[in-house]
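Peer 1: This is what each chain is made of:
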Amino acid sequence: MNIAVDIVLNSLVLSGVFLIVAIGLNIIYGLSRVMNLAHGSLYALGAYASVTLMSFGANFFVALVIAPVAVALIGLVMERTVIAPMRKRSIVYTLILTYGLMFLLDGLIRYIWGNEPRFVKLPLFLQDTVPILGTQYPVYRLATLVIIAATMAGLMLFLEKTRTGITLRAASTIPEMVSCLGINMKLVHIGAFVLGCAMAGIAGVVAGPLYSIDPVMGHEMLISSFVVIVIGGLGSLRGAVFAALLVGLVQTLAEFFITDLAMVIVYMLMAVILAFMPRGLLGEGRFE
Amino acid sequence: MRGKILALAIVVLCLAIFPFVVKNRFYVSLINQMLIYGLLAMSLDVLLGYTGLLSFMHNAYLGAGAYLVGLFLLHVSPSSLWLTLLVGVLGTLILALPVGWVQVRTGGLAFALLTLAFGMMFFTVAWKWYSVTGGDDGLMGVPHPDISFFGMVAGNTGNPVAMYLLTLGVVLLCFLLTWRIVHSPFGAVLEAIRENEARASFVGINVRKYKLLGWLLACGLAGMSGGLFILWRGYIGPTTMSAFAGAGVLMMVLLGGMGSLWGPFVGAGIFILMQDYISTMTEHWELFVGLVVILLVLFLPRGFVGLGDYVMRFRKE
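From first to last, the protein sequence lines stand for chains A and B.
The numbering used here runs 1027 ahead of the 1-based position in the first sequence.
The numbering used here runs 425 ahead of the 1-based position in the second sequence.
Derived by calculation from the structure, the hints in this document are not laboratory data.
Errors might be hidden in some of the hints.
A partial selection of chain B residues facing chain A, derived with a Cβ cut-off under 10 Å [to be verified]: (1) L541; (2) W554; (3) E616; (4) L712; (5) F713; (6) G715; (7) P726.
All C-beta atoms in this analysis are idealised placements derived from N, C-alpha and C, irrespective of residue type, glycine included.
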């Protein structure tokens, strides 16, 4: 019974992190048709940025706010210099380009922070464990769920109630129309990209204390988040929610029972779903 | 056409006498490596340049071929060269078939993502299945069979010069075979799929079937390169199957130029030279690869082959 509670809560936490990363990726893809393979590295950068910020004395919550902004700025630079010129070319080139960016950023991480894993010190009140339904569960993980829920709520509010958010959603459905309405599409693309990167940054900061911070964390998250967005349907935000829950659960269970080959199960899941439901679980995905 | 055959003959001749002129084992081994990776890069070009399908981890099939050949030599028959190469290629094809079957049902983007996921799956299996693949340590002590034709022994694969010549021969055969295939109606279908999948299907082409066939061709060639790889090196480990190595193969194709069969060989040569040179200077090889890929895509998307065209245009004016 205790273990079941642990598993369920752990999988919720994992799903939550996947969700934030996947939504960021989907926002960028849905709008710019750019599959940002460097997304995992941006996630890692978020975590490393929080390490550095906290080593300068900043507290965890301050880092939670500043690190995503830093990552978003990096994303802005990336978008303007490298991604914008590629938008008109075939998708093969954009994929290879962002693949190159991934290595560039990963190499940068190794260069700046070295190969050894890093650790983040949590504020005292988050370090304890709390009894829940018969098991002692770390407060921090519960806090993570709260942070993630808050981020999602904020994002939903932004997308549904603010003018900018509505513009973004419209642009991802019919970009030409939005452009006809006199809205500057360049700004829309930049906005989407920056928002997506910020999401990756937030996920990175939050995940830092949960899983280890090392130079390969980006790769693992990248592949998992692909699985999530492919299963949920490329570009579908709602699909990402269900997919994140599914993948989080499957991965947590697989890791608990099989450990070593856990990821293989996850990949098989993706393969099976793609084979029979190429548009994703909800059928909303873009089939490109 | 005549000119091309002549050029090819000259290149092959130079390559063939190379190990007898340059006695240094290191260089012979280096060119050998370039030929093997050239074959792998060419197979990726069949997939990417001709069929338009991007694969991030094509090296997974080099790895598959290498492990299969290695395991065969270690556990079944340490001395049959041709049989083991055949087993390697067939085994790789058997592995590639279900993967390809799933992958061709999807479009370009999802296809590429799936190659990444499946590639990582192969990598994870190679890394974790310690009892079979030796895990992190890889397969070691792989025996070196003799190279024999109809009972006459011509050399041993452990001998650098003999291995080099074997590689040259096999790679040349594969090159000619592939050249013949892509310049046939089959190849034209692949190119049609690359240009416009929808239109190809309107003309009545069974797009999925041809994508799968193109995929199998590419993976079979990769498997052969894997077999040659392990014979050359005597060792295979999971690093050769990593995502980073996969980027390397992609870079070779980019460097050399997509859509020509010889371009990737040039790309492989350049890449391996760079790798050798740069890794002695800095351990931040990853950073450099990323940067070069980005610059290539931005400024030189057609690679080395494209450079040739650029020069030709200059000369005409």
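Peer 1: If a hint holds in the structure, say so; if it does not, say that too.
Peer 2: Here is what the structure says about each hint:
Checking B:L541 against chain A: minimum C-beta separation of about 7 Å stays under 10 Å; hint holds. Residue-level restraint check for B:W554 holds (minimum Cβ-Cβ distance to chain A is 8 Å; threshold 10 Å). For B:E616, the suggested interface contact is broken, since its CB lies about 14 Å from the closest CB of chain A, more than 10 Å. With a cut of 10 Å, the hint placing B:L712 at the interface with chain A holds, because the nearest CB-to-CB distance is about 3 Å.
Below 10 Å, beta-carbon pairs count as interface contacts, and B:F713 has one with chain A at about 7 Å; its hint therefore holds. Because the closest C-beta pair between B:G715 and chain A is about 3 Å apart, less than 10 Å, the hint holds. Contact between B:P726 and chain A, as hinted, is supported at the beta carbon level, the nearest pair being about 6 Å apart and thus within 10 Å.
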